[in-house]
Amino acid sequence: MNKLPQWADVVLVPLVSLVLAAIVAAMVLLAIGQSPLAALGIMVDGAFGTAAGWGYTLYYTTSFIFTGLSVTVAFHAGLFNIGGEGQAQLGGLGVALVCLALPWPHWSVALLAASLGAAAFGAAWAAVPAYLQAKRGSHIVITTIMFNYIASAFIVYMLVDVLRPAGQMDPASAKFPAGAKLPTLSDMPLLREFFARVNADGTPKLSKAGEVMYSNVPANVTLFIAIAACVVVWALLWRTRLGYQIRAFGKSEAASKYAGINPVKITMIAMLISGALAGMMAINNVMGESERLLQNSAEGAGFIGIAVALMGRNHPLGVLLAALLFGFLYQGGAALGLNTTIPLEMRLVVQGLVILFTGALDQMVRMLLIWLFSFGRKAAA
Amino acid sequence: MALVENGGRQATAAPTSPFAIELKGISKAFGPVQANKDINFAVPRGTIHGIIGENGAGKSTLMSILYGFYKADAGQIFINGKLTAIPDSQSAIRAGIGMVFQHFKLVQNFTVLENVILGAEDGPMLNSSLAKARKVLGDLSREYELDVDPDALIEDLSVGHQQRVEILKALYRQADILILDEPTGVLTPDEADHLFRILNGLKDQGKTIILITHKLREIMEATDNVSVMRRGTMVDTVKTAESSPESLAELMVGRKVLLEVDKGTAAPGAVVLTVQDLKVKDEHGIERLKGVSFDLRAGEILGIAGVAGNGQSELLEALGGIARATGKITLNGVDLPLTGAQANGQTRREAGIAHVPEDRQHLGLIMDFTAWENMAFGYHNDPKYQKNALFMDNDALRADTEKKMATYDVRPPIPGLQAKSFSGGNQQKIVVAREMEQNPDLLLIGQPTRGVDIGAIEFIHNQIIALRDQGKAILLVSVELDEIMSLSDRIAVMFDGRIMGFSDPETTNERELGLLMAGVGGKA
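As you go down the protein sequences, you meet chains A and B in turn.
By our numbering, the letter at position 205 of the first sequence is numbered 205, and the numbering carries on one by one without gaps.
Residues are numbered in our numbering as their position in the second sequence, beginning at 1, plus a constant of 1000.
No lab work stands behind these hints, which were simulated from the structure alone.
The reader is advised that the hints may include incorrect statements.
Here are the simulated BS3-like cross-link-like pairs (lysine-lysine), alpha carbons at most 30 Å apart as the crow flies [unchecked claim]: (1) A:Lys-257 with B:Lys-1387; (2) A:Lys-135 with B:Lys-1281; (3) A:Lys-257 with B:Lys-1105; (4) B:Lys-1403 with A:Lys-251; (5) A:Lys-135 with A:Lys-265; (6) A:Lys-257 with B:Lys-1420; (7) A:Lys-257 with B:Lys-1281; (8) B:Lys-1387 with A:Lys-251; (9) B:Lys-1328 with A:Lys-135; (10) A:Lys-257 with B:Lys-1279; (11) A:Lys-208 with A:Lys-181; (12) B:Lys-1105 with B:Lys-1281; (13) A:Lys-265 with B:Lys-1420; (14) B:Lys-1105 with B:Lys-1420; (15) A:Lys-251 with B:Lys-1281; (16) B:Lys-1384 with B:Lys-1403; (17) B:Lys-1420 with B:Lys-1037; (18) A:Lys-251 with B:Lys-1384; (19) B:Lys-1281 with B:Lys-1328; (20) B:Lys-1290 with A:Lys-135; (21) B:Lys-1037 with B:Lys-1215; (22) B:Lys-1239 with B:Lys-1256.
These figures come from a predicted structure and were not determined experimentally.
All chains should be modelled from the sequences, with the hints used to inform the complete structure.
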């Protein structure tokens, strides 16, 4: 049969794509006179070798889970939301407005309010392309790309002319109040011990005052919200009526019309959920890490979300794993730039190759595997 | 020129074997499914050879092997007595095999001539090929009644003419052996007769023709020999003259089959549906339904006959809430919305209309969804499928599907299987089960047995009759005249968006309906 067994489709295809990407990346490294094995060692060690490394990897992972889920939900409705980047930036604006509005008494209250703000702003930014698609048939890919540019210009205007405190030079909002500071993994009582800094001989590093020193990592409580979002998105898509209608609409618009599923409604709802998820990424980076709104806050995570969703086969579990992989590439790539003469741009090359192989060349890998499988079957027969 | 070469090759090949095609021990498996099992089969040169079998019997697989789409796991193919390997369709064409598919493979905005030379150009410049093709086409049309305007665009041609272009394409590529897959599905009775005249002309010129069809009548009329396939095996090959429709049907299904529908007389009750001056425009603003009016009573089957594309689809879509319409539809005394947000499939279902659409794969099912997911399709808001306000009750849905699959004999009875993994007949049974089990007041049913095998046809027909006998109103749309005539209590014939007339199935005949279908009385 010209089909792969399901396990091969879900596990083997991404894995082989990844290995192929790694091989090509290795050849690029060889070409610039570097050892690929040493580079891989540094990347793995930088991303997973230490608690601090994990703290950064998981921070990136959190952002990518949100943007990956955003693309996933839209994809199931047959919509290709490329606007995650802009929606995440607007989510950041929502977070900033909420956080700066009150001297928040406790981070949990602030988190709840900021989540709503992030989701609402992200959803609002997706609403216009969604409406144009649903009512006017303007292609969502085009409009969401355009909205990325508008978002970026709009944020610059907001930062320069509205949110920038008087006397500050750089285009950024004021720092959020202390009550809006989210606990990082290294702040959490149970996890804190993992982040104790150690000397080369394994003894804990002590400060001058004789206290144990801890690494501060950006990964924060948002990670758990991201994981919860995976479960919620899974339940939404495969357990609710709305998810049923979204998936039916995404598979066949004509059949959905026959079933009486309202295309305008489903397009709008799916895109609002998608935009809200992309916007919620901002509680990780804007509220959890930078603690103020900066220009270009999403830093490309919106686009990485597309690769994450592709590689994760548009399933929340796959998105989770793919987000972890891209978190590793981000953090490992940074370690590469820090510890070697390999330029930082190399991580872009590696990411690009992973996206190329897992996304664009996915079908090529699948054909290859189908061919190998049929070959194996013949040999067995 | 082409014809001379053609004849020359035939002359050299002729002495070696009396068979144009001989298959020996062909087997082909798709995973665990054995689509063809040790097929031995020979077609004498210069005959019309029918192949019949239920859906999934392996006819298409066998022909795909012959045309180079699939490679057989085992077995040999002899063309004119010579062992021939056919790894791809180019080799099949070189071996003199031409194929006319059920769904034509023509470029709509190319002319007939351009389509004919497509893929068979002599060089990078088209002028010489076009001139040659024009001459060959002229010769062919004179010889075989295959007249088509070589400069017409495909999109302007009728379906019957498009089919002729497909045959011309094969002949231009010097095919000696012509395979036609379900060629009459889209033709009027007259066009079908014309096609068979063409095929007979080709046969007289020494061509060999393989006709794949599920219509026993066509087999009886047109073929010299007929091979019957069942579950991947070739059950028998018989001389058509020595067989009968009943014996062939029995060979196909493996048991005795009732070809005539056994139904009692109708007992029509109150009027359920009134349609007045219903008009539908398509997305280009062209009126497809031009004012249709009729009544439909409880316990009555109204059959809508007509060649495909004469407004039947639009009638079903307007009634089913899919297409916007003007006019008036009254169900049980209540006017249904025809435009606006309230005119949709959901409100129609709530009003008591169930709809088995003409195109089950495009409209009736989500092919990537499982059977149980499809069983809720359109009825996903039904309270019996909800666990609570938040979640659907997938377990109840699975159990419900399992029950319906048993009642409607869906095979395999696995609710978790994707719709696309079922055969056409079983897909149809899933849709029919879903719609009929909703206990509707009115059932719209379009092409209920298109691409469905004989065993399943019998079953679906009996279900339709049973629903009628429960006092439901049924609107049946079909391009199969036999089906319309055997099921309907009243027949309406549609042509060009209008109802040409009503007939009584007891007193009318195919000729009379055929004339109405061709618009005689309307525009010719």
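Status of the hints after comparison with the structure:
1. A:Lys-257 with B:Lys-1387: holds (25 Å)
2. A:Lys-135 with B:Lys-1281: Holds, at roughly 20 Å.
3. A:Lys-257 with B:Lys-1105: Given pair Lys-257 of chain A, Lys-1105 of chain B holds - Cα atoms ~28 Å apart, limit 30 Å.
4. B:Lys-1403 with A:Lys-251: Holds. Lys-1403 of chain B to Lys-251 of chain A sits at ~26 Å (cutoff 30 Å).
5. A:Lys-135 with A:Lys-265: Between Lys-135 of chain A and Lys-265 of chain A the Cα gap is close to 10 Å, so the pair holds against 30 Å.
6. A:Lys-257 with B:Lys-1420: Distance of about 20 Å is within 30 Å: holds.
7. A:Lys-257 with B:Lys-1281: Distance of about 17 Å is within 30 Å: holds.
8. B:Lys-1387 with A:Lys-251: holds (24 Å)
9. B:Lys-1328 with A:Lys-135: Holds, at roughly 27 Å.
10. A:Lys-257 with B:Lys-1279: holds (19 Å)
11. A:Lys-208 with A:Lys-181: holds (27 Å)
12. B:Lys-1105 with B:Lys-1281: Cα-Cα ~28 Å, so holds.
13. A:Lys-265 with B:Lys-1420: Answer holds: Lys-265 of chain A to Lys-1420 of chain B is near 27 Å, not above 30 Å.
14. B:Lys-1105 with B:Lys-1420: holds (23 Å)
15. A:Lys-251 with B:Lys-1281: holds (26 Å)
16. B:Lys-1384 with B:Lys-1403: holds (15 Å)
17. B:Lys-1420 with B:Lys-1037: holds (23 Å)
18. A:Lys-251 with B:Lys-1384: The hint holds at about 24 Å.
19. B:Lys-1281 with B:Lys-1328: holds (15 Å)
20. B:Lys-1290 with A:Lys-135: Within the cut-off at roughly 28 Å; holds.
21. B:Lys-1037 with B:Lys-1215: The hint holds at about 24 Å.
22. B:Lys-1239 with B:Lys-1256: Measuring from Cα to Cα gives roughly 20 Å; hence the hint holds.
In summary, the structure agrees with every hint in the numbered list given earlier.
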